[in-house]
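Colleague: In case you want the letters, here they are:
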Amino acid sequence: MRIIVCIKQTLDTEAQIRISEDGKELRLQEAKTILNPYDEFAIEEALRIQEKAGGEVIVVSFGPDSVKEQILRGLAMGADRGILISSVPFRQSSSLLVATVLSKIVEQEKADLVLCGKQGIDEDNMQVGVMLAELLGWPHVNAVTQLTLSGPSAHVEREAEGGQIEVYRVELPAVLGAHKSLNTPRYASLPGIMKAKKKPLETKTVSDLGLQESALQQLVQAVAVSYEFPPKKPTGKLFKGGSTEAMVAEVVALLRTEASVL
Amino acid sequence: MNILVFLEQRDNVLKKSSLEALCVAHHILQGAGTVEALILGEETQALCQQAEGFGATTCHYVDAPSLRNYQPLLYKELVVQAAQRLQPDCILGMTTPLTRDLLTRCAAHLKAPILTDLVTVEVQEGRLTGGKKPLYAGKVLANMAFQTQGLRIATFRPNSFRVQKIPGTMTIQAMQLDIPGTAMEKIALTEIRKGKSQKADLTEASRIISGGRSLGSADNFAILQQCADVLGATVGASRAAVDAGYATHDMQVGQTGKTVNPTLYIACGISGAIQHVAGMRTSKIIVAINKDPEAPIFSITDYGIVADLFEAVPILTKKLQELLKE
Numbered sequence: 000m001r002i003i004v005c006i007k008q009t010l011d012t013e014a015q016i017r018i019s020e021d022g023k024e025l026r027l028q029e030a031k032t033i034l035n036p037y038d039e040f041a042i043e044e045a046l047r048i049q050e051k052a053g054g055e056v057i058v059v060s061f062g063p064d065s066v067k068e069q070i071l072r073g074l075a076m077g078a079d080r081g082i083l084i085s086s087v088p089f090r091q092s093s094s095l096l097v098a099t100v101l102s103k104i105v106e107q108e109k110a111d112l113v114l115c116g117k118q119g120i121d122e123d124n125m126q127v128g129v130m131l132a133e134l135l136g137w138p139h140v141n142a143v144t145q146l147t148l149s150g151p152s153a154h155v156e157r158e159a160e161g162g163q164i165e166v167y168r169v170e171l172p173a174v175l176g177a178h179k180s181l182n183t184p185r186y187a188s189l190p191g192i193m194k195a196k197k198k199p200l201e202t203k204t205v206s207d208l209g210l211q212e213s214a215l216q217q218l219v220q221a222v223a224v225s226y227e228f229p230p231k232k233p234t235g236k237l238f239k240g241g242s243t244e245a246m247v248a249e250v251v252a253l254l255r256t257e258a259s260v261l
Numbered sequence: 000m001n002i003l004v005f006l007e008q009r010d011n012v013l014k015k016s017s018l019e020a021l022c023v024a025h026h027i028l029q030g031a032g033t034v035e036a037l038i039l040g041e042e043t044q045a046l047c048q049q050a051e052g053f054g055a056t057t058c059h060y061v062d063a064p065s066l067r068n069y070q071p072l073l074y075k076e077l078v079v080q081a082a083q084r085l086q087p088d089c090i091l092g093m094t095t096p097l098t099r100d101l102l103t104r105c106a107a108h109l110k111a112p113i114l115t116d117l118v119t120v121e122v123q124e125g126r127l128t129g130g131k132k133p134l135y136a137g138k139v140l141a142n143m144a145f146q147t148q149g150l151r152i153a154t155f156r157p158n159s160f161r162v163q164k165i166p167g168t169m170t171i172q173a174m175q176l177d178i179p180g181t182a183m184e185k186i187a188l189t190e191i192r193k194g195k196s197q198k199a200d201l202t203e204a205s206r207i208i209s210g211g212r213s214l215g216s217a218d219n220f221a222i223l224q225q226c227a228d229v230l231g232a233t234v235g236a237s238r239a240a241v242d243a244g245y246a247t248h249d250m251q252v253g254q255t256g257k258t259v260n261p262t263l264y265i266a267c268g269i270s271g272a273i274q275h276v277a278g279m280r281t282s283k284i285i286v287a288i289n290k291d292p293e294a295p296i297f298s299i300t301d302y303g304i305v306a307d308l309f310e311a312v313p314i315l316t317k318k319l320q321e322l323l324k325e
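So the protein lines, in turn, are chains A and B.
Quick note: the first sequence, position 141, residue 140 per numbering that gives the first Met the number 0, numbers continuous.
Quick note: the second sequence, position 316, residue 315 per numbering that gives the first Met the number 0, numbers continuous.
Where hints are given, some of them may not hold.
[Stated by the list, open to error] Restricting the straight-line Cα-Cα distance to at most 30 Å, the calculated cross-link-like pairs of lysine-lysine (DSBU-like) are: (1) B:K318 / B:K290; (2) A:K23 / B:K110; (3) A:K239 / B:K283; (4) B:K185 / A:K109; (5) B:K257 / B:K193; (6) A:K67 / A:K51; (7) A:K232 / B:K290; (8) B:K317 / B:K15; (9) B:K318 / A:K239; (10) B:K257 / B:K110; (11) B:K317 / A:K232; (12) A:K31 / B:K257; (13) B:K110 / A:K109; (14) A:K67 / A:K196; (15) A:K67 / A:K103.
[What the hints assert, rightly or not] Pairwise CB distance ranges, derived in the manner of DEER restraints: (16) B:D10 / A:P190: 48 to 54 Å; (17) B:T33 / A:G241: 52 to 58 Å; (18) B:A217 / A:T147: 25 to 31 Å; (19) A:T204 / B:S298: 44 to 50 Å; (20) A:G241 / B:S216: 24 to 30 Å; (21) B:E293 / A:P88: 46 to 52 Å; (22) A:K197 / B:A63: 52 to 58 Å; (23) B:T33 / A:S225: 30 to 36 Å; (24) A:T147 / B:H108: 25 to 31 Å; (25) B:A221 / A:K197: 49 to 55 Å.
Hints are computed from structural coordinates only; laboratory data are not their basis.
Keep in mind the model is a prediction, meaning the values are calculated, not measured.
No residue lacks a Cβ here, since even glycine has one placed at the ideal position from N, Cα and C.
The shape of chain B in the complex, shown without the other chains:
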């Protein structure tokens, strides 16, 4: 048995969540096979070292200037080639915007089944047999099971599995693949414009602070941003806040926005509409600040504070600053 884990880099930084995928691969095999990691990019050899100690047997890298950024058809071609060479039982990755595109395309190319966004895994004799997958933005969980025997592909929701050091050595190896010159004719990523936020994407963030319509204006979101800066958190928003124009679409948490899974979620002035809750209910710890003691959000919070957010959030920022400085 062997598992191929796709490691993701962005701006030549190895994504932390990729280590989670390695740990899941190790958990599936329990030593009864090899974990082959694959990283595509430019100057990728150095990135491989960061993957050491998380259960990979070998870290294969492909290093080419054309691979610096994600190029859909080019990356697909290379992952397909790597899969054909290594003949894994399973290809794994984390659920990210990139793998949603790349690994799904590979699945269609290889006619292999794919399960995305698993939050648990089922394993039998060193093989991944399925896992739980949230549907309807987390209102319900489906127990998914592979039905065929060949290659299986799966991706995991970030922050769902434990990341821990795993003893063992890892070999770093350049993989010689045929980089087709034509793969960028049909589609090429030509530019990445830096958005306002350089923070982790909401879907991968381990800490999130979100605001609702009671923030009252886009400018008032600054008080959440200050708190987020102290926490190393990403700022989110409810649909009501986005519809009111106080926050951008990419900040929206909920069923028609993003489904998030942080270890800490702080909801400020968010009432807790079903469609918002669906997108954040799996957060490990939920804190809510709301003036209304009857707000539905309090039924799912670990710690609720009945207070005016304009008073409470600056205090929260100050207290966190004191605590985290220690």
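Next up, chain A with everything else stripped away, as it sits in the complex:
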């Protein structure tokens, strides 16, 4: 079984986001980058499948040169090789563009299964996985909490609404998005980190995949024209020092009379 794990570089969850003075760009250069947290669960699941069924785990990312750091992290966890497809020529991107690029590498590598994190914690779109599946004509399930493979079929459970669990029967090849309760990702060991540096990490351009930059640019059909911070809330009322009973009673009354939410 050949498994491709698609990963993304994101900002650390504690990072403060800055906006350029003209409001047109985000200033993210100084912020610390991490491997998108959900992608770790995808890598871990791929490694567990490989441990049982054999095969190869390839970590793939479409991004800037610095994503090598996150790919290396995947290799240090145990993946066999990495592929970076350079996003450098693209000033703007879209989920469809990313999915199109990834679909070519999946075809080129003849993968049997694609795993990704359920969402990037930056744009929160949850789009690339399902678009990739659509372009490949493959089934897709996102927010997967349990995965059991049996031959060409997969038993997939996902977290649905209100705590419900949806169970899917999925025929491989497929694209699956990992949720955090899927597994507990391993730490990269020191020998793992040393070994990772010797594993193959190829850098490709979109033309290596038979794609044209200009055609891909056409897939950017909606863009962010500016950014702003959410409006600051006016200072609220703080109750302290009184009896708990009285303070709670007052707040409950205000929720009805002032806030009109009860």
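Place chain B on chain A using the hints.
Modeller: Chain B alone, transformed into the frame defined by chain A:
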């Protein structure tokens, strides 16, 4: 101009949030076109009536046993067919786990741009041109704009727009679509296991009460559940509480959990870490109960109570019960 609104049913109940999408469609068109609603399921004709009075011109339904539950490729096939038949300028829906899958897949199939989770809309001459979308779990808002002229797809964050009755009549119509027999070969939803909670999902809940690590144990979350039962609220948790094993992952509010947008959010024993606040700051009214008067959560609350949650929450439950009984 016409807009196709995907109405969502779950367990054969029309989702309340779907009505919000209809109201947005009406707001976009301002009468200069038709709002076509589409509902897929089994025995869906009766559900259409619930959509009446919210701006839809026609409610199309497809009724088949195989559509009772969401079937990814089957639903996609039917929405694509409906779009090809009705030729809308725009397909709209609410941001839900289902549409995140379905409408995104349709967008890739139709090569149409999609904006998800909009909290405002920009409109020009009866066309949706873009809107604000939260990024980084709400730490920043992006003003998104469509760049092309063809079909556009958008979904909205629940509870972001006003739902109101809109005068006018609605026609209910069965839509004859070709239900392909092969669509469930590659993927089929075979079972839905009822989880513990039958409440609205956190992302759609209009009231939420959340607990932090200071709850101290999973059992202690029961005091929040009692309060939630009185309020008709959904119980959430901070990452610290989830990491400590007091609450399940699906309850987590925050950047690596769920982003929520209720009208009332009650945070109990939650300090207000940046990654938690990012996931709930757009709540209309925020109440916090915390022992520590310096807790950062108080900087974003409308009503803060400095008190021990184990004392305050049962009182809160009692007071709410009295008030809501009236």
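Colleague: Confirm or reject each hint.
Modeller: Hints and how they fare:
In summary, the hint linking B:K318 to B:K290 is supported, as the alpha carbons are separated by about 20 Å, within the 30 Å threshold. Annotation: proposed proximity of A:K23 to B:K110 holds, straight-line Cα distance about 26 Å (limit 30 Å). This hinted pair checks out: A:K239 and B:K283 have alpha carbons roughly 23 Å apart, not beyond 30 Å. For the hint pairing B:K185 with A:K109, the CA-to-CA distance comes to about 18 Å; that is within 30 Å, so the pair holds.
Between the alpha carbons of B:K257 and B:K193 the distance comes to roughly 20 Å, so the proposed pair stays at or under 30 Å and holds. Using a Cα cut-off of 30 Å, the hinted pair A:K67 and A:K51 holds, with the two alpha carbons roughly 28 Å apart. Taking the CA atoms of A:K232 and B:K290, the gap is near 22 Å; set against the 30 Å cutoff, the hint holds. The hinted pair formed by B:K317 and B:K15 meets the criterion: a straight-line CA distance of about 28 Å does not exceed 30 Å.
For the proposed pair B:K318 and A:K239, the alpha carbon gap of about 18 Å is at most 30 Å, so the pair holds. With a CA separation close to 28 Å, the supplied pair B:K257 and B:K110 stays within the 30 Å bound. In summary, the hint linking B:K317 to A:K232 is supported, as the alpha carbons are separated by about 29 Å, within the 30 Å threshold. Between A:K31 and B:K257, the direct Cα distance comes to roughly 22 Å. Compliance with the 30 Å bound is thereby established for this hinted pair.
Restraint check for B:K110 and A:K109: satisfied, since their Cα atoms lie roughly 24 Å apart, inside the 30 Å limit. For the hint linking A:K67 to A:K196, the alpha-carbon distance of about 11 Å falls within 30 Å, and the restraint holds. Between A:K67 and A:K103 the alpha-carbon distance is near 20 Å, which keeps this suggested pair within the 30 Å criterion. Distance hint check for B:D10 and A:P190: the Cβ-Cβ separation is about 51 Å, which falls inside the suggested range of 48 to 54 Å.
Remark: the range hint 52 to 58 Å for B:T33 to A:G241 is upheld by a beta-carbon distance near 57 Å. At about 27 Å, the CB distance of B:A217 to A:T147 agrees with the hint of 25 to 31 Å. Checked against the hint of 44 to 50 Å, the C-beta distance between A:T204 and B:S298 comes to roughly 47 Å, which is consistent with it. Separation of A:G241 from B:S216 is about 28 Å and conforms to the stated range, judged on CB atoms against 24 to 30 Å.
Distance hint check for B:E293 and A:P88: the Cβ-Cβ separation is about 49 Å, which falls inside the suggested range of 46 to 52 Å. Distance hint check: the CB atoms of A:K197 and B:A63 are about 56 Å apart, consistent with the given range 52 to 58 Å. The given range of 30 to 36 Å is respected by B:T33 and A:S225, whose C-beta atoms sit roughly 32 Å from each other. Checked against the hint of 25 to 31 Å, the C-beta distance between A:T147 and B:H108 comes to roughly 29 Å, which is consistent with it.
At about 53 Å, the CB distance of B:A221 to A:K197 agrees with the hint of 49 to 55 Å.
Consistency with the previously given hints is maintained throughout, with no hint failing.
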